[in-house]
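**Q** Given next are the chains, with one letter for each unit.
There are 2 protein chains.
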Amino acid sequence: MPPKSPLAPKSFPKLPAVAGVRLAATACGIKKRGRPDLMVAELAPGTTVAGMFTKSLTAGPAVVWDRAAVKNGRGRAIVVNAGNANVFTGRKGAADVRATAMAVAKLLGCAADDVLVSSTGVIGVPLPVAKITRALPGVAKALKEGAWAAAAEAICTTDTFPKGAGTTARIGGTTVRIAGFAKGSGMIAPNMATMLGYVFTDAALPAPVLRKLLKETCDRSFNAITVDSDTSTSDTVLLAATGQAGKHPKVSRIDDPALKDFRKKLQAVMTDLAHQIVRDGEGATKFITVKVTGAASDRAAKVIAMSIANSPLVKTAIAGEDANWGRIVAAVGKAGERIDADRMTVSVGGVRITENGAPRKNYKEAPVACHMKGQYIDIAVDVAAKGGRGEATVWTCDLTHGYITINGDYRS
Amino acid sequence: MPPKSPLAPKSFPKLPAVAGVRLAATACGIKKRGRPDLMVAELAPGTTVAGMFTKSLTAGPAVVWDRAAVKNGRGRAIVVNAGNANVFTGRKGAADVRATAMAVAKLLGCAADDVLVSSTGVIGVPLPVAKITRALPGVAKALKEGAWAAAAEAICTTDTFPKGAGTTARIGGTTVRIAGFAKGSGMIAPNMATMLGYVFTDAALPAPVLRKLLKETCDRSFNAITVDSDTSTSDTVLLAATGQAGKHPKVSRIDDPALKDFRKKLQAVMTDLAHQIVRDGEGATKFITVKVTGAASDRAAKVIAMSIANSPLVKTAIAGEDANWGRIVAAVGKAGERIDADRMTVSVGGVRITENGAPRKNYKEAPVACHMKGQYIDIAVDVAAKGGRGEATVWTCDLTHGYITINGDYRS
Chain A
310 MPPKSPLAPK SFPKLPAVAG VRLAATACGI KKRGRPDLMV AELAPGTTVA GMFTKSLTAG
370 PAVVWDRAAV KNGRGRAIVV NAGNANVFTG RKGAADVRAT AMAVAKLLGC AADDVLVSST
430 GVIGVPLPVA KITRALPGVA KALKEGAWAA AAEAICTTDT FPKGAGTTAR IGGTTVRIAG
490 FAKGSGMIAP NMATMLGYVF TDAALPAPVL RKLLKETCDR SFNAITVDSD TSTSDTVLLA
550 ATGQAGKHPK VSRIDDPALK DFRKKLQAVM TDLAHQIVRD GEGATKFITV KVTGAASDRA
610 AKVIAMSIAN SPLVKTAIAG EDANWGRIVA AVGKAGERID ADRMTVSVGG VRITENGAPR
670 KNYKEAPVAC HMKGQYIDIA VDVAAKGGRG EATVWTCDLT HGYITINGDY RS
Chain B
310 MPPKSPLAPK SFPKLPAVAG VRLAATACGI KKRGRPDLMV AELAPGTTVA GMFTKSLTAG
370 PAVVWDRAAV KNGRGRAIVV NAGNANVFTG RKGAADVRAT AMAVAKLLGC AADDVLVSST
430 GVIGVPLPVA KITRALPGVA KALKEGAWAA AAEAICTTDT FPKGAGTTAR IGGTTVRIAG
490 FAKGSGMIAP NMATMLGYVF TDAALPAPVL RKLLKETCDR SFNAITVDSD TSTSDTVLLA
550 ATGQAGKHPK VSRIDDPALK DFRKKLQAVM TDLAHQIVRD GEGATKFITV KVTGAASDRA
610 AKVIAMSIAN SPLVKTAIAG EDANWGRIVA AVGKAGERID ADRMTVSVGG VRITENGAPR
670 KNYKEAPVAC HMKGQYIDIA VDVAAKGGRG EATVWTCDLT HGYITINGDY RS
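In order, the protein sequences belong to chains A and B. According to the numbering used here, the first sequence is numbered sequentially starting from 310. According to the numbering used here, the second sequence is numbered sequentially starting from 310.
Mixed in with the good hints there might be a few duds.
For each label pair, taking beta carbons as the anchor points, the in silico distance ranges come out as [claimed, not checked]: (1) B:Gly645 to A:Tyr672: 38 to 46 Å; (2) B:Tyr685 to A:Pro446: 50 to 58 Å; (3) A:Gly645 to B:Asn665: 34 to 42 Å; (4) A:Asn665 to B:Ala439: 18 to 26 Å.
Counterexamples of contact, computed for chain B against chain A with all Cβ distances above 10 Å [unchecked claim]: (5) Pro318; (6) Gly338; (7) Lys340; (8) Asn381; (9) Arg383; (10) Ala449; (11) Gly482; (12) Gln553; (13) Val560; (14) Arg608; (15) Arg661; (16) Ala675.
Derived SDA-like pairs (lysine to any residue); straight-line CA-CA distance at most 20 Å [claimed, not checked]: (17) A:Lys695 to B:Gly399; (18) B:Lys364 to A:Gly645; (19) A:Lys401 to B:Tyr672; (20) B:Lys401 to A:Thr654; (21) B:Lys573 to B:Gly482; (22) A:Lys670 to B:Pro437; (23) B:Lys401 to A:Arg669; (24) A:Lys682 to B:Ile715; (25) B:Lys600 to B:Lys695; (26) B:Lys380 to B:Pro517; (27) B:Lys569 to B:Pro517; (28) A:Lys524 to A:Glu700; (29) A:Lys440 to A:Thr335; (30) B:Lys453 to B:Thr335; (31) B:Lys600 to B:Gly645; (32) A:Lys401 to B:Arg669; (33) A:Lys682 to B:Thr714; (34) A:Lys670 to B:Ala404; (35) B:Lys670 to A:Pro437; (36) B:Lys450 to B:Cys419; (37) A:Lys401 to B:Glu664; (38) A:Lys401 to B:Asn671; (39) A:Lys670 to B:Arg400; (40) A:Lys670 to B:Val431.
Hints in this document: simulated from the structure, not taken from any laboratory. If you're wondering where the values come from, they're calculated on a predicted model, not measured in any experiment. Glycine included, each C-beta is placed from N, C-alpha and C at the ideal position.
Please model the entire structure based on the sequences and the hints provided.
**A** Below is the structure:
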């Protein structure tokens, strides 16, 4: 991997084993220099799954396959290769996904449509599928519980560190485990980007509940981050529940009080993974939190927050540690959502800079300039839309020379 | 000015004097190091004007003033300062615009609402309006025909060269002149960006015709370019017709056959100015033309073309001279407009790369790689929407280290 992002966590976290999830990874030869590039997760019989996918209209055949496969709510395996996105590869691309799923199904003794497939990497290059199918028997033999770090590393592309998060939660009197891993560092924008995330629990949750939990927690995590406004063709987040934790109260609705702790913990894991993607944003040196309040709706708040988070001028100013808050004002203005420009307020690092459509009389730049020198930048904007109570928080990183260097020469 | 863009024209063009337009510029002390920062254009009595402005909801008070002032269709003067955008400056900001307009009106003997005002530069800093009003009498004395280069230079901010374009046209048997100048190099996106443009003709054109001409030609010029997807608070394009060229057939409708040559020439001048802004895109080393065909409508085609032109991944790949056409496919997919991914085609430098949703069998990268090394990059995408005949062409530049350097430290 390239040198670690300055925002990377010190090390891969210790994650709980999730009963009913066995993992293995290998280097099948798609990536150069023998780097690991193939991961399989085996899921116990009876596992329920839910998925969320890219909204791109040029989505790859693996996304097309998974969208259909998650409909039955069951999953027995997830197979992911990195180094080749298998996108814009025509009929062969779709056939390669089917071949991969069938090979895994045969090895694990399940139906092909219980196998979920993801691919990430370069677009428009035929997938060397034989490398995958040849390597799969070895991977199947190596499957074991708790191999999170190896799995997380095998799905990386331009990532500078593998990303994992996990915790335990209580459902009734029973302790259940939640753990997952993710990848992504460029082409990251709302509605999924080149971003893969897999989260597992040994709780027993019916597929309809799982779907709602995934949607709810994605909206405030993977769908609330942006690195560069580019959305990918392969984005996938899967949530799987094995039901192997031991008996707990049966849950049939997302608002069941017994699910309260689980929901909170699942959100924490999802948010942690999403934040790690931002921390690994290509070239990132600063982690930026943008909170918008006082908007006409939560949706409007998110549009405005993303307008700020995606503004190259805001992001380069932050890279340059320049307290150029005027660019935040401009980004709010271009979002097109209802605001009151004469009453809106902009704060950076907790310091309110504006009032009545102008800088505050006693505004002093020094404390803001000092905040800009740190690694964590907080932007808060109240847009003062009349009667507006909509709010949203999104996360992004700065735009630096590193981004240009990484993306100017990705394929070579 | 900073070192000239490698895409800059060799020199400022020779432009025809436009009868009824007198110009002058000076350094009033807003910019540092005595650089020119104040420009006045005096327009003959009877001049008609039309304006197009930023759609930003945090538009500055000069834009608010001009929007109201152009309604009567008359204009006697344009005054522009650079170095301070007078945006987000509260009540003082609006008062400063009024004071500037009144000072010019008094000097030239016209009504204040016949004076159009623009400001460009940093946001959120009170305008030192006294510097402007003190300098105006000297500027008024220096007014003369044909001082285009001085006017163009005085409105620049991060521009690396002044931008001008002009030509002559025939209306009936009469020769009329068209000339103008513009500024802008960052914060450039459709719907105007930190972009100012002023175009003058000595034809006699009623204000309603002028408005339609401006809208039509802007849509295919200033509103078809993007540098960084950021829209500014101050964007303004004004078109003024002095009627001093000498008698020509009266024109009362935009589709009057007598106007055909003028329309074409006006479009050429507007497009030339817009292209010069892209050529001066912050950090630009390549001029990129994106043409989209086969879309459901012209509007859809423009959305897709802008999605490609604004994609940081496409722009960095081009900066790196990398024929990474997969990123073009991804940018088409994220645009959200109707396409047929299995039939769409992508061409770069005139070489068709894809067919049937995959790279062509005999696709060879060498000629495309060679095209990528040039300064002019052509991207053509036919999105094959069923029955689609919509098309659009937009222009942008690459995203380089230069952009980061310029914008990471703009204010210091």
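**Q** What hint numbers does the structure not satisfy?
**A** As far as the earlier hints go, not one is violated by this structure.
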